[in-house]
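Protein chains in written order, with the numbering used here: chain X, 1 to 530; chain E, 1 to 390.
Treat the hints as calculated values from the structure; they're not laboratory data. Just so we're clear, the structure is a prediction, and the values are computed from it rather than from any experiment. It cannot be assumed that every hint is accurate.
[To be verified] Derived DEER-like restraints, expressed as beta-carbon distance ranges: (1) Y487(X) to M49(E): 37 to 43 Å; (2) E89(E) to K59(X): 53 to 59 Å; (3) P122(X) to K332(E): 51 to 57 Å; (4) S383(E) to N66(X): 38 to 44 Å; (5) T24(X) to G347(E): 45 to 51 Å; (6) A264(E) to F136(X): 37 to 43 Å.
[Unchecked claim] Derived pair list, reagent style DSSO-like, types lysine-lysine, alpha-carbon separation capped at 30 Å: (7) K59(X) to K242(E); (8) K296(E) to K59(X); (9) K72(E) to K198(X); (10) K74(E) to K342(X); (11) K59(X) to K165(E); (12) K74(E) to K346(X); (13) K497(X) to K72(E); (14) K165(E) to K425(X).
Glycine residues also receive a C-beta, built at the ideal position from the N, C-alpha and C atoms.
Here are the chains, one letter per residue:
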Amino acid sequence: MSTTTVAHDAEHHDHPTGIMRWLTTTNHKDIGTMYLTFSLIMFFVGGAMILGIRAELFKPGLQLMNPDFFNQLIGVHALIMIFAALMPAATGFANWMIPLQIGAPDMALPRLNNWGFWLLPPSAILLTLPFTLALFGIGDGALATGWTFYPPLSVQGGIGVDFAIFAVHLLGISSVLGSINIIVTLFNMRAPGMTLMKMPMFAWGWLITAFLLIATIPVLAGAVTMLLTDRHFGTHFFDAAGGGDPVMFQHLFWFFGHPEVYILLLPVWGFIPQILETFSRKPMYGYKAQVYSLWAIGALAIVVWAHHFFTAGMPVPALLYFMYSTMAISLPLAVLFFCWIKTMWKGSMSFETPMLFAVGWIILFGIGGLTGLVLADVAADAQYHNSYFVVAHFHYTLFAGGIMGIMAGVYYWLPKMTGNMYNEKLGKLHFWLTAISFNLTFIPQFFVGLAGMPRRIPDYALQFAEFNAISSVAAFVLGISQLLFAYNIIMCARGGKKATDQVWEGAKGLEWTLPSPPPYHSFTEQPTIK
Amino acid sequence: MVKQGMKSVGLGLLLSLTAIRASADYSWNFPEPVTPMALDTLNVHNKFMLITAIIFFVVLAIMIYSIFAHRKSKQYKPVTDKAPSTAVEIFWTLIPFVILLLIDFVIMGIPAYHSVVMMEDTRDKATMVIKVTGSQWRWQYEYLDGDAQGIKLVSNLTTTEDEMKNKAEKKEHYLLEVDNHLVLPVGEKVRILMTATDVLHNWWVPQFGSSRLAVPGFIRETWVQVDKAGTYRGQCKELCGKGHGYMPVVVDAVPMDQYKVWVAAKKEEIAKADAGADKEWTKEDLVATGKGVYEKNCAVCHQVNGAGLPPAFPAMTGSKIILAPIFGADGKYLKDSHLDRILNGKGVMPAWKSTLNDTDIAAVITYERNALGNSVGDMIQPSQVKAARQ
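Please work from the sequences and hints to get the whole structure.
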């Protein structure tokens, strides 16, 4: 045993410094840090785009941009937020925390891990490059079809569509590589005694996410490749004139797209209960029930896709099937909500920033979930579909349920990662500003959607003006508040009050047994779980 | 800190609510329903919203109670949870599950079932059929049966560019006004066949409660039965390109007798246009008429000055198709000629033969050949277009 330790130490001193350290690193924590940093940068890029949109929508009329540029911003905003902000953040946490939580020295496939990350910056460039090219007169800008690529509009579109297709391919490869790595790590590198049913909930959330990614990303890759050949090589997959069907693309896209929602959320559902148990000073309630519910949601996720296009025209039995199966998701989800609240119930709670985000997350994600239940109703969906009601709904699930969840995780683990405490006052201020301005941004969108405002329009009728003005102002507050978040993270990384190993009084689990920050090779000797 | 925060949230919400109350132009729910389907949708929506709101606030209340009661600052000691073990405990654990099953599949599920069946029943008792065609970026309507058979309308946005660019005051129905309204009789079930010529569109009037995707190359169905006279406005709600926000739907629902008068007037208009097709036109008259037709139907893509928006929408000025002859030696129009392209379309270019009459087509062709920087010099008579259709 002592010889291996020496060997590891030698390796530690050998690894390169400066830029080469980051380019060549195979260390799970370095790669995790890169994922999280990339995610934070892209969060601001995607956010700046949507603030452009909100500024344009502040009042009726075209003030700042032409409709074509507007369409480019909405689509690229979504792709960036989903693929370049939320997914890399979750993968970053997986890289950092899964080896720590299961008592492993590193991820199972470190070189693959490095490659998985370094595919991301080129794809982010592919997504945004057409904006720059258009300035030089090359092409007509980025993808202008919304993030869903629906043909025939995407067949009609310019080079932005091709760039986006290749970006999606790279992002997809990166996700699949990351997923393979996580599955292999979880199946092979758990500490002795840690059976699957003793794995931390975050590991469970990611295990199911990884399977969902592997099951659905290839379908997306296939769909966008078919689109590419329709665009350039004369095929007719989505062209009725050649025997194809435009709606078939929607089936393929959402076969990926709906599980994608859970891909974004399952990792969060994994670590939120861990945060709750830490700050309630009481073990999480219903571990088994939560694991089974995660599996149930993962399974249901891949059989409900068509509820994203009920108005496309489907036979009645298909409509009924997709409606009832979608409603069925509420059952395992309700079990999860019950377990989360029961974990808090009769605990001894304190409300540091991670706990504030976790509790706020439960409430706001609850609104997203309940409006989702209503959206499952086919008849009412004819009204909600593609209106601002849907926009508000999926921002409650993906901003509140996704990004605010990630923020809870950042505040929770940042002291462990950096070895320093962040500024608690700023963290709390960030939470309250985010929660309030988020609601003031999106509650008006529920109403404006019910009143009949379609999404993805650059200009709107006069009766929608007041709600849009409120939403725009709040969106700017929301956007600017995030600078506090970035500032807090940077200051924490640079120094501050030293964090203890356990960091939080109620924290349980292997990651809290290591020093803060953890050593280069996390566990050089495997801990044993009883 | 938490308490202070809570107070500021409360205050913030209260302030924003009072600010909202102060003005009148806010709508909190679906607009007034005027079809059986919209009424049903509104009822379903209200019921579901009520149920979900109850669930939300009950759960929220439990959580908030816990947040205030079970905190460390009050020296609350954490309890140890046990899994339910006795039959009674398991029974009480199952109760929420059963309640949720009941809500999902009975209280919400059964009305939802009936709504779906009603929504999809496009044929029973339908007294007339219209065809709605979406194209970039306008709606076209065609009456397929009954007295109105043969009436075709092209419905273009009438909001001016000055209004959009804030150079002129915005009119009441900013972005929601078109030149030709679709006219439907009150109280009749109208079956709607939906299609598109280029990309996906979605025909939506919020007060009708129906929305259906218009798919190029396919026919989709829906129906409306407007029970109250009035003018109803909606929009395309499937992203269809740069003009997506500029293709509104406007429907006039009128009593049957007024509808009949309208049909008769439209029929007379068509007869007049047909007669116009048989008379001999001068080039000047055709160019003058053609300018109007062009600006209404073609300029949105090919631009008012004919410069187009290449590569998707080619320029008219110097276009090879326009400069080439229309008719061959045998007197028949050539494939890929100017007339062929306008009648039958190709790719992104829609076929206009079912939407424009002979005079309009002859006029717009003559205009494009002798204006917009072109001077081919020839002309085409409406009678030649009429012959070409055979």
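ask   = Quick one: are P122(X) and K332(E) within 51 to 57 Å, going by C-beta?
value = 55 Å, holds
ask   = Would the pair K74(E) and K342(X) pass a check requiring their Cα atoms to be no farther apart than 30 Å?
value = Holds. K74(E) to K342(X) sits at ~19 Å (cutoff 30 Å).
message = For a C-alpha distance cap of 30 Å, please report whether K165(E) and K425(X) respect it.
response = Violated, because 45 Å separates the two Cα atoms, which is more than 30 Å.
Hint consistency between K59(X) and K242(E) [alpha-carbon to alpha-carbon, up to 30 Å] = 19 Å, holds
request  = Would you mind confirming whether the straight-line C-alpha gap from K59(X) to K165(E) stays at or under 30 Å?
outcome  = With a Cα-Cα distance of about 12 Å, the restraint between K59(X) and K165(E) holds, given a limit of 30 Å.
ask   = At the C-beta level, are T24(X) and G347(E) separated by a distance inside 45 to 51 Å?
value = Holds, at about 49 Å.
ask   = Quick one, are K74(E) and K346(X) close enough, alpha carbons at most 30 Å?
value = With Cα atoms ~12 Å apart, K74(E) and K346(X) stay inside 30 Å; holds.
ask   = Given the proposed pairing of K72(E) with K198(X), does the C-alpha separation stay at or below 30 Å?
value = 28 Å, holds
ask   = At the C-beta level, are S383(E) and N66(X) separated by a distance inside 38 to 44 Å?
value = Between S383(E) and N66(X), where Cβ atoms are some 42 Å apart, the hint holds.
message = What's the verdict on K497(X) and K72(E), does the C-alpha distance respect the 30 Å limit or exceed it?
response = With Cα atoms ~23 Å apart, K497(X) and K72(E) stay inside 30 Å; holds.
Beta-carbon spacing of A264(E) to F136(X) - inside the hinted bounds 37 to 43 Å or not = 59 Å, violated
query = Y487(X) and M49(E), beta-carbon distance inside 37 to 43 Å?
reply = At roughly 40 Å between Cβ atoms, M49(E) and Y487(X) fall inside 37 to 43 Å, so the hint holds.
Hints 6, 14 from the list above are not met by this structure, while the remaining hints are.
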